Each structure stands twice: as structure tokens, then as C-alpha cells.
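Protein chains in written order, with the numbering used here: chain Z, 4 to 117; chain G, 5 to 116.
Heads up, some of the hints might be wrong.
List time: in silico DSS-like cross-link candidates among lysine-lysine, alpha-carbon distance up to 27 Å [unchecked claim]:
no., chain 1, residue 1, chain 2, residue 2
1, Z, K41, Z, K73
2, Z, K41, G, K61
3, G, K13, Z, K41
4, Z, K6, G, K61
5, Z, K116, Z, K19
6, Z, K73, Z, K116
7, Z, K73, Z, K6
8, Z, K41, Z, K116
9, Z, K19, Z, K41
The set of hints was computed from the structure by calculation and includes no laboratory data.
As the structure is a prediction and not an experimental result, all values here were calculated from the model.
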Amino acid sequence: AQKVTQAQTEISVVEKEDVTLDCVYETRDTTYYLFWYKQPPSGELVFLIRRNSFDEQNEISGRYSWNFQKSTSSFNFTITASQVVDSAVYFCALSEYNNNDMRFGAGTRLTVKP
Amino acid sequence: DSGVTQTPKHLITATGQRVTLRCSPRSGDLSVYWYQQSLDQGLQFLIQYYNGEERAKGNILERFSAQQFPDLHSELNLSSLELGDSALYFCASSAPGGTEAFFGQGTRLTVV
């Protein structure tokens, strides 16, 4: 079965610092999908990005960027110039093409201090 | 607003009781997922339905069951509740093809 590891339980940074959240995954499928979700203090889960296994292009969206490397089975998430509003728990998730459940990592709690 | 609606938002009940959580997926989505989020277990996949059929099963207890109805809404039934069942229960829906899942606001269940 697929597995997602987010080794960083908690990260604390000061506003305007860059921060990278690590995600390592395991899967036997050649076709799979990777996701990042944000869970702010209000509790809802907000979709940030999806990446499929055939697309290793890195993506940038404003202050957010994602680095997908199949060679190391990693899908890391970087926030540039962090802001207090970025404080949340961030989850990485994996869904295999032949296995429909989306498995989540344990999450990384990011605290951005002013 | 994700478009996924969960009711109720909060539920307080006693041990041994049975509750039903309801989820309405986004318009057009055929898949519904249920997740349990507790402090010590993180976000755990429970079960997935696709167009009324059970598609995948995770760490769902035998005391729990779910179904998806012809109008695609889903219900999660939790019975013989224990204190340890207190958690945030999320429903999510997605379109076919491994696309992203969109989550509802969750139902916070407190068992006392």
C-alpha cells in the first residue's frame, strides 16, 4: 500500500523567511497522484496542488512552489517570504491510479511568527 | 467554499449511542471519501464510494458503516460509540480519474 512520510512535525519561522516542507512517498504503482493540502486553524482542508507521476515539472504559484523528484520519491513544498497567514498544518497526500484511497502524511504544523 | 456540504457541524453524544453523519458532494462528483482526524491518529482514510458502490476501504471499524445513495449523497453511521471515537470526520468528493478531492468543513463528534 502507498505511504506518505512528513518527517517534520512542527516548523517555526519568522515572517519573511523561506520554509520548505518535506514529503517522501512510497508506491509500487507507476501512475499516481500527489497532493498538498492546507489546514488552517479554522479546520477546513484546502486543496493546494495536484501533481501526476508523469509530470515532473516544478510548479510555482505566487509565493508557493513545489519540487517533485521521482528519483528521490519526494514532493517538497516551499513557501517564499512566509507570512503569518501561512500558519497552518500542511498535509501531503498520495493516490494511486489503481487504488482509490488518498493516503495522507501525518502533517507538518507551520507557525509563522511576526 | 469547497462545494462539499457536511451536516451536522458539531455533535455531542453519549457512549454507546449511534449517530449518522451526512455528506453532499460537489455537483458532478461521483466519488465520496470519508476521513477521520483525531489528535493521535492524524488524518485516516475510512472508506470511499463511487457512484453508489464501495470502491476502497481503509481503517474503518466494524462499528462504522457508510453508504452512498442514488442522489450521490453519503452517510457515515457510527454505532456503539466510544470515547475514542471523538474526532473530526471529513467528507470529500472528487471527479473520476485521480483528481483532487475537495473537503467539507467536517463534523466534530464528541463522545462523552
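Outcome of the hint check:
no., hint, result
1, K41/Z with K73/Z, "holds, 23 Å"
2, K41/Z with K61/G, "holds, 24 Å"
3, K13/G with K41/Z, "holds, 20 Å"
4, K6/Z with K61/G, "holds, 15 Å"
5, K116/Z with K19/Z, "holds, 9 Å"
6, K73/Z with K116/Z, "violated, 33 Å"
7, K73/Z with K6/Z, "holds, 15 Å"
8, K41/Z with K116/Z, "holds, 18 Å"
9, K19/Z with K41/Z, "holds, 19 Å"
Hint compliance for this structure: hint 6 is the single one not met.
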